[in-house]
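So the sequence lines, in the order shown, correspond to chains A and B.
For the first sequence, my numbering begins at 9 and goes up steadily by one.
For the second sequence, my numbering begins at 448 and goes up steadily by one.
No lab work stands behind these hints: they were computed from the structure.
Beta carbons: idealized from backbone N, C-alpha and C, even for Gly.
Certain hints may be false.
Stated by the list, open to error - Now the in silico label distances, taken between C-beta atoms and shown as ranges:
hint, chain 1, residue 1, chain 2, residue 2, range
1, B, Asn603, A, Arg192, 57 to 63 Å
2, A, Pro254, B, Ala484, 53 to 59 Å
3, B, Val480, A, Glu35, 42 to 48 Å
4, B, Gln570, A, Glu35, 28 to 34 Å
5, A, Glu35, B, Asp517, 38 to 44 Å
6, A, Tyr137, B, Asn603, 31 to 37 Å
7, A, Leu42, B, Asp450, 32 to 38 Å
8, A, Phe244, B, Ala756, 33 to 39 Å
9, A, Asn185, B, Ala756, 55 to 61 Å
10, A, Ala195, B, Arg465, 43 to 49 Å
11, B, Asp568, A, Asn185, 43 to 49 Å
12, B, Asn675, A, Gly246, 34 to 40 Å
13, A, Tyr137, B, Asn675, 36 to 42 Å
14, B, Ser464, A, Phe244, 25 to 31 Å
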Amino acid sequence: MPLKIQPAVIGCAIRPVIPGRDRSLEEIMYDTTLLALADAGITIEDIDGIVVASNDQFDGRAIAVMMASSAVGGVDRDILSTPSASEHAFVLGALRVASGQHRTQLIVAWSPTEASSLSELQRLGTDPYYHRALPLDELSSHALQAAALEHAAPGARAMAEAVTAKNRRHGAIAYPNLAGHGARGLARWPITADMTTGPVTGAVAMVLASPDFVRDHASAAPAWLRGMGWATETAFLGDRNLATAPALEAAARQAYEAAGLTALDIDVAELTDASPYAELLAYEALSLAPRDRWEACLNDGTFDSGGRLPVNLSGGVLTCNPVFCTGLIRIAEIANQVRGRAGLHQRAGARIGIAQAGSGFAMQHQAAVILGKEART
Amino acid sequence: MSDRVGIIGIGQSMFRSRRDDASYPDLVREAVVLAMADARLELDAVDAVVYSLSPDAMIGIGNAERLAVDAVGGRNKRFMRLATGGTTGISSVAAAYYHVASGACDVVLTAGADKVGECGDSQTVLNKLWDTAYERALPLGTISMLAMSAVRYMKNHGMTQEDMARVVVKNRRHASLNPHAHLRKIVTIDDVMESRYISWPIKLLDCCPQSSGGAAMVLASEQYIRDNHLDAVWITGLAHCAETYWIGDRMGNNPTAEHADASALRSAFERSYKMAGITDPPKQVHVAELYSPFSNTEFHVIDAAGLCAPGASVAMMREGQFELGGWLPVNCSGGSLCTNAISVTSMARVAETALQVWGRAGAHQAKGVKVGIANGNGGDHQFFGAMVIEA
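Required output: the full structure, derived from the provided sequences and hints.
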């Protein structure tokens with residue numbers, strides 16, 4: 009169903025890695041908020057609602073949003089929190105603008121790395137009777153998905169290696185100064201260390217606004233929300249066919265239907281490559297390429313920077329992995345692409361882009377967001 | 448008026464200290480089944496689920512909402528979780544409202560559960576709310592936090608410990624009529640006064656219980672409700688507002704917000720009233736379910752709801768004006784003072800207000816009420832949500 013009021017992204021601050029420890033988490037939120045507001049050309053006084061997202065376990069706090077109320081300007085404002093996923097903060101912020109009850113929304117997500125082991129914290133998010141004893145963390149779940157896909161799609165390993173190479177090439181162009189930050193991750197068979205990147209501290213903020221606000225403030229280069237979908241699979245991996253992505257298929261249907269568009273209309277895509285196998289599954293679920301065309305598209309450069317449909321011009325999660333923020337960062341990257349503000353990795357003439365935000369064990373949560381240079385007609 | 452959002456189904460557990468018979472997903476499922484039956488809909492009709500859970504540590508599983516996706520019928524559907532501490536329940540209803548009001552969905556389920564009674568010691572978990580460097584070490588808990596509020600309210604408005612006990616007596620009497628309530632034993636002022644101190648001036652019977660149970664609500668668009676000939680009550684006003692995280696900034700000589708009061712809740716109610724077109728709350732509001740897990744806080748919440756002048760709630764409580772049968776019944780269900788499953792405690796406030804204006808509250812029904820209000824408070828008395836519900 010189309011939204012009653014069409015929100016636009018008018019500001020983004022993507023901080024895929026924040027090196028050093030000279031800024032506290034509160035200061036990181038504050039800095040990121042200011043950058044997004046500056047990008048939108050407004051001040052905090054223009055913000056009438058906020059949605060934040062973070063992970064209590066990563067933050068080491070019982071209710072992480074509490075600290076944010078001061079750091080992101082939440083005092084005396086309507087602030088909510090979606091700890092299920094960073095992308096859910098975007099979804100809720102968009103719904104709030106679309107409801108007509110809010111003219112603007114500030115969306116902020118962050119992901120620190122101060123905890124001694126993010127892997128152990130992720131394990132504490134598993135079912136205590138079955139999965140926790142495996143032991144399971146998110147990378148292990150991605151590896152189970154990779155193994156399932158290798159079994160179901162012959163040649164998937166070579167294609168995963170091609171995805172890895174593509175995203176590393178893109179990342180070197182997009183964020184050349186990130187070399188050395190989380191350059192290699194861990195291996196979990198069949199995922200190799202080269203296919204992943206270690207966690208880094210990062211943050212992202214976005215500003216959403218109503219058409220009235222965009223008009224009244226003459227906001228420069230808005231990215232209009234053309235369609236949005238989100239869906240979640242069951243937590244129990246044994247109940248899922250990990251070689252498919254039904255929640256993403258559902259999310260994509262919602263997004264394309266709302267936008268009145270098809271995959272043929274997409275100029276640029278950002279996908280959550282928590283593993284290259286996850287990116288392969290997203291090609292299919294978003295109708296960017298059916299399974300039997302993956303190899304051809306990767307070989308003929310379709311998804312490369314100069315190809316018909318560049319995928320992950322930012323270098324994706326493989327280039328920078330602030331774990332909890334990676335979904336919202338994908339959306340912000342696409343917003344900047346259609347705003348013409350993507351910097352070194354700008355796709356010339358990009359008018360419509362799609363972001364796929366996935367998170368959780370074997371990408372349990374999925375979202376698809378289509379943004380366009382023009383508002384819907 | 449075709450853009451309204453209605454409440455069409457409500458489900459609540461019989462809240463208890465322990466529910467050894469039910470796993471965490473079982474508890475959520477229990478509430479969902481009740482709410483869907485109340486709405487006379489199957490889960491296939493639900494477009495989206497908003498999950499109500501906070502904090503994770505109370506369940507002992509990080510992001511436990513993931514494990515309950517099937518329990519709420521959410522597989523491959525729109526799903527997200529809200530968390531704002533004790534406000535989470537009303538925040539989740541608000542998020543469900545936005546799903547419908549935006550045009551994205553016709554029918555939205557919001558649900559959650561908690562096992563506070565089985566978490567060991569909730570105050571140990573809740574101490575982790577505070578900043579690691581400054582306030583956590585005091586050590587603070589939600590009881591000591593609100594004891595400081597009580598002391599300031601006593602000084603500013605003349606509240607006594609007997610006044611606090613009157614709130615307990617009233618709410619326990621109300622809870623005795625509500626089969627879903629956790630603490631249903633009627634008590635006297637003497638019982639309260641003779642109970643042991645937990646954090647002066649708050650005594651054991653001034654405190655909420657640690658409750659286990661679930662709650663769920665179904666919201667729908669006005670068009671869907673009319674097309675399917677469903678019964679509903681309507682959310683006509685809603686807003687949230689936050690105060691500073693730092694308790695120290697709410698006390699001292701120049702506080703940013705007075706810790707005795709709930710200034711951000713006042714703002715949330717004012718915004719909700721404006722949206723609902725309510726200009727004179729004492730005349731236009733008929734019933735209230737106000738989140739007050741400790742007896743002293745009911746006074747400042749009544750004040751913040753604009754039902755009386757600041758501090759006047761104390762004298763009005765002495766006169767019995769907030770009793771069932773009184774001028775404006777407050778917490779007819781017994782409120783969070785008698786039942787507090789944190790993740791859904793403020794959803795229960797919304798649900799009970801809806802039942803009141805619907806005329807379906809059973810033995811604790813107030814007479815002739817058509818406009819009700821509800822609220823939730825969360826964090827370190829920091830996040831506030833308010834809602835207006837009308838028949």
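Of the numbered hints stated earlier in the document, which are not met by this structure?
Checked against the structure, the hints that fail are numbers 2, 6, 8, while the rest are satisfied.
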